[in-house]
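Same order as they appear, the protein sequences are chains A and B. Letter by letter, the first sequence follows residues 1 to 121 of this note's numbering. Letter by letter, the second sequence follows residues 1 to 162 of this note's numbering.
If you are wondering where the hints come from, they were derived from the structure by calculation, not from laboratory data. Among the hints, erroneous ones may be present.
[Unchecked claim] Derived DSSO-like pairs: lysine-lysine, alpha-carbon spacing no greater than 30 Å straight-line:
1) LYS54(A) - LYS112(A)
2) LYS112(A) - LYS89(B)
3) LYS95(A) - LYS52(A)
4) LYS89(B) - LYS95(A)
5) LYS106(A) - LYS95(A)
6) LYS89(B) - LYS30(A)
7) LYS52(A) - LYS89(B)
8) LYS79(A) - LYS52(A)
9) LYS106(A) - LYS89(B)
10) LYS95(A) - LYS54(A)
11) LYS98(A) - LYS54(A)
12) LYS30(A) - LYS112(A)
13) LYS89(B) - LYS79(A)
14) LYS98(A) - LYS89(B)
15) LYS89(B) - LYS54(A)
16) LYS79(A) - LYS112(A)
[To be verified] One-sided and incomplete, this derived list gives chain A residues near chain B with beta-carbon spacing under 10 Å:
17) GLY26
18) ALA49
19) PRO67
In this text, a Cβ means the ideal position worked out from N, Cα and C, and glycines have one as well.
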Amino acid sequence: MKNVATLVAVFMMSALPAFAHHGWGGNEDKISEVTGTVTTGVSLAGPHATMKIKDAQGHTWDVTLAPPPRTQESGVTEKLIPVGSTVMVHGHRNKNQKTYEIKVTKLTYNGKLYDVYPGME
Amino acid sequence: MRDILVWIEQTGLGHWMRESGPWTYGIVNLIHILAVSTLFGSVLLLDLRLLGVWSRRVHIADLAAAVMPAAMTAFIVAVCTGAAMLATKATAYVDNPFLLIKFPAIAVGFINAAVLNTRPAWQELRLRALTARERRQLAVFGGISLTAWLTAVTCGRMIGYW
Numbered sequence: 001m002k003n004v005a006t007l008v009a010v011f012m013m014s015a016l017p018a019f020a021h022h023g024w025g026g027n028e029d030k031i032s033e034v035t036g037t038v039t040t041g042v043s044l045a046g047p048h049a050t051m052k053i054k055d056a057q058g059h060t061w062d063v064t065l066a067p068p069p070r071t072q073e074s075g076v077t078e079k080l081i082p083v084g085s086t087v088m089v090h091g092h093r094n095k096n097q098k099t100y101e102i103k104v105t106k107l108t109y110n111g112k113l114y115d116v117y118p119g120m121e
Numbered sequence: 001m002r003d004i005l006v007w008i009e010q011t012g013l014g015h016w017m018r019e020s021g022p023w024t025y026g027i028v029n030l031i032h033i034l035a036v037s038t039l040f041g042s043v044l045l046l047d048l049r050l051l052g053v054w055s056r057r058v059h060i061a062d063l064a065a066a067v068m069p070a071a072m073t074a075f076i077v078a079v080c081t082g083a084a085m086l087a088t089k090a091t092a093y094v095d096n097p098f099l100l101i102k103f104p105a106i107a108v109g110f111i112n113a114a115v116l117n118t119r120p121a122w123q124e125l126r127l128r129a130l131t132a133r134e135r136r137q138l139a140v141f142g143g144i145s146l147t148a149w150l151t152a153v154t155c156g157r158m159i160g161y162w
């Protein structure tokens with residue numbers, strides 16, 4: 001019994017607290033829309049598709065899309081949007097207002113709406 | 001640290017991870033998880049045995065013989081897949097504190113195992129019965145190992161939550 005108690009103590013000491021949840025917990029619940037010029041095109045690599053856009057105020061936004069297969073399924077491919085194009089992204093920005101990061105559910109390019117996370121606001 | 005990350009991102013491995021289709025990362029991630037779960041499961045059984053709280057009827061040497069090859073193989077697979085995932089967008093992890101805790105934790109796990117290997121209590125497991133003092137010594141190694149690997153796995157999982 002004493003050994004089990006020791007073991008539990010070891011487990012508790014080494015388990016770090018879980019911080020913001022993967023994905024949406026660190027982002028606002030309300031919707032933000034950002035229009036900007038693409039500075040780094042869509043990348044379908046890694047856990048999530050990403051791109052960078054620069055808004056009218058000169059802030060460069062890290063745009064996180066859905067995981068690569070799902071982003072591609074929505075019609076957004078790496079070749080779709082050339083660098084320098086204007087896009088409008090719709091989603092949830094980082095709670096920290098100094099961090100220009102937005103998790104995007106919808107993206108508008110060239111008059112067409114791409115629903116990256118269908119069914120999600 | 002930044003230089004290493006920039007370098008690994010530019011390797012052929014990094015290019016391959018980025019350019020070989022949208023499912024690549026997910027599949028590599030899956031293999032990494034399989035390797036890590038095998039590694040941690042193996043280490044957990046042996047560490048609990050060293051701590052004296054698990055399968056005491058099984059001889060430590062027998063358990064180690066069964067578990068160590070699995071742990072070592074899984075570790076190699078985990079290193080390869082982990083390097084591949086890191087190489088995908090290595091520079092995105094420059095300021096990730098979990099990465100900075102994870103690698104030293106793995107080092108502690110390895111150093112602990114290496115030191116354990118040099119102890120007479122470990123080397124003479126099959127030759128004689130251990131003294132109470134030696135059993136306590138092995139339990140300490142088991143406790144350090146479990147803490148180190150648990151920290152490594154926890155930080156590994158938390159990298160994506162930063």
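(message) Tell me the hint numbers this structure goes against, listed in increasing order.
(response) Hint check: nothing fails, all pass.
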